[in-house]
Amino acid sequence: MAVVAGAAASKQDLFIDEGSAQFGPCITNPEKIIMLGFNYRKHAIEAGVPIPTAPVLFSKYNNALNSHGGKIPLPVKAAKKFDYEVELQVIIGKTARDVSESDALGYVFGYATGNDFSARDLQYRDGKSSQFLIGKSPDGFMPVGPWLVGAEVVADPQKLALECRVNGEQRQSSNTNDMIFSCAQIIAYASSIMTLKPGDLISTGTPSGPIHYKPPEQQVWLKAGDKVACSVEKLGELRFELT
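Going by this note's numbering, the sequence shown opens with residue 398, and the numbers climb by one from there.
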């Protein structure tokens, strides 16, 4: 009996209480971080841009990766207009090249909650939103987590509620059924251009509600001390703080 009790205690020691765990990004070294712009109908409308006829792709670098419970050091010498964007993350599970839309979801390992954090005055430095790289790739600007949930658990990624809150106040609330291009369409399109590798991260775009697209009198930019919480149905809540 003593041996059995000792074994049980050892197993319990293997588990860490969530409240005391220190999280890392769900994916630590993806070959590619593929981002999408204007992939929700209501967001495209609020931005005043035509509905895209093909996915609008750009990229972030690995230095932007951050985690649940992490902190984003705001680059205040370079920018002042900081903004949130809750997004569904797709993590590729096997090499994909020229895959069909009907087969595309079979290449997905899992899904996660993410935030495409942005510095709008860098992104729109020339007034045309052509500076995605500098506006979205400062250190820590891509929190992902807390969990990487298997594709078999999610089943249909086009029926997920998603939300963003700042200091407890709801700022974004939508559903992935408002996407212009589905996850399957995005994977098929991207794989027709480049080879997708296991661990590649695809961030599928944000719904309506970011600060930048509000009337100027309603634009209150994020600042140090603000706490952001993002959630995607079935995938958990991602929380981080600005410093």
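Don't read these hints as lab results, they were simulated from the structure.
Computed from a predicted structure; not experimentally measured.
Don't take every hint at face value.
Computed spacing ranges between beta-carbons, pair by pair [said to hold, decoys possible]:
| hint | residue 1 | residue 2 | range |
| --- | --- | --- | --- |
| 1 | Asp-500 | Asn-460 | 31 to 37 Å |
| 2 | Gly-421 | Gly-445 | 16 to 22 Å |
| 3 | Ser-570 | Pro-447 | 21 to 27 Å |
| 4 | Asp-495 | Arg-522 | 34 to 40 Å |
| 5 | Asp-414 | Asp-536 | 38 to 44 Å |
| 6 | Glu-549 | Arg-522 | 40 to 46 Å |
| 7 | Ile-442 | Ile-531 | 25 to 31 Å |
| 8 | Gln-419 | Gly-547 | 36 to 42 Å |
Pairs of lysine-lysine, BS3-like flavour, derived with a Cα cap of 30 Å [unchecked claim]:
| hint | residue 1 | residue 2 |
| --- | --- | --- |
| 9 | Lys-594 | Lys-478 |
| 10 | Lys-620 | Lys-491 |
| 11 | Lys-631 | Lys-429 |
| 12 | Lys-556 | Lys-474 |
| 13 | Lys-429 | Lys-620 |
| 14 | Lys-631 | Lys-477 |
| 15 | Lys-491 | Lys-624 |
| 16 | Lys-429 | Lys-468 |
| 17 | Lys-478 | Lys-439 |
Beta carbons: idealized from backbone N, C-alpha and C, even for Gly.
Each hint, compared with the structure:
1. For Asp-500 and Asn-460, the Cβ-Cβ distance of about 33 Å falls inside the hinted range of 31 to 37 Å, so the restraint holds.
2. The hint said 16 to 22 Å for the Cβ distance between Gly-421 and Gly-445, and at roughly 38 Å that hint is violated.
3. A beta carbon spacing of about 24 Å between Ser-570 and Pro-447 agrees with the range 21 to 27 Å that was offered as a hint.
4. Checked against the hint of 34 to 40 Å, the pair Asp-495 and Arg-522 passes, with Cβ atoms roughly 36 Å apart.
5. The hinted window of 38 to 44 Å between Asp-414 and Asp-536 is violated, with their beta carbons roughly 29 Å apart.
6. The hinted window of 40 to 46 Å between Glu-549 and Arg-522 holds, with their beta carbons roughly 43 Å apart.
7. For Ile-442 paired with Ile-531, a C-beta distance near 26 Å keeps the hint of 25 to 31 Å intact.
8. For Gln-419 and Gly-547, the hinted distance range of 36 to 42 Å is not satisfied, since their beta carbons lie about 23 Å from each other.
9. Between the alpha carbons of Lys-594 and Lys-478 the distance comes to roughly 34 Å, so the proposed pair goes past 30 Å and is violated.
10. Straight-line distance between C-alpha atoms of Lys-620 and Lys-491 comes to about 39 Å, which puts the hinted pair past the 30 Å bound.
11. Distance restraint check for Lys-631 and Lys-429: the Cα-Cα separation of roughly 24 Å lies within the 30 Å cut-off, and the hinted pair is therefore satisfied.
12. Proposed proximity of Lys-556 and Lys-474 is contradicted: the alpha carbons are some 40 Å apart, above 30 Å.
13. Pair hint Lys-429 plus Lys-620 holds up; C-alpha atoms about 29 Å apart against a cutoff of 30 Å.
14. With a C-alpha separation of about 34 Å, the suggested pairing of Lys-631 with Lys-477 is violated against the 30 Å cut-off.
15. For the hint pairing Lys-491 with Lys-624, the CA-to-CA distance comes to about 35 Å; that exceeds 30 Å, so the pair is violated.
16. Only pairs whose Cα atoms come within 30 Å are accepted, and Lys-429 paired with Lys-468 is accepted, the gap being roughly 23 Å.
17. A C-alpha spacing of about 22 Å is found between Lys-478 and Lys-439, which places the hinted pair at or below 30 Å, so the restraint holds.
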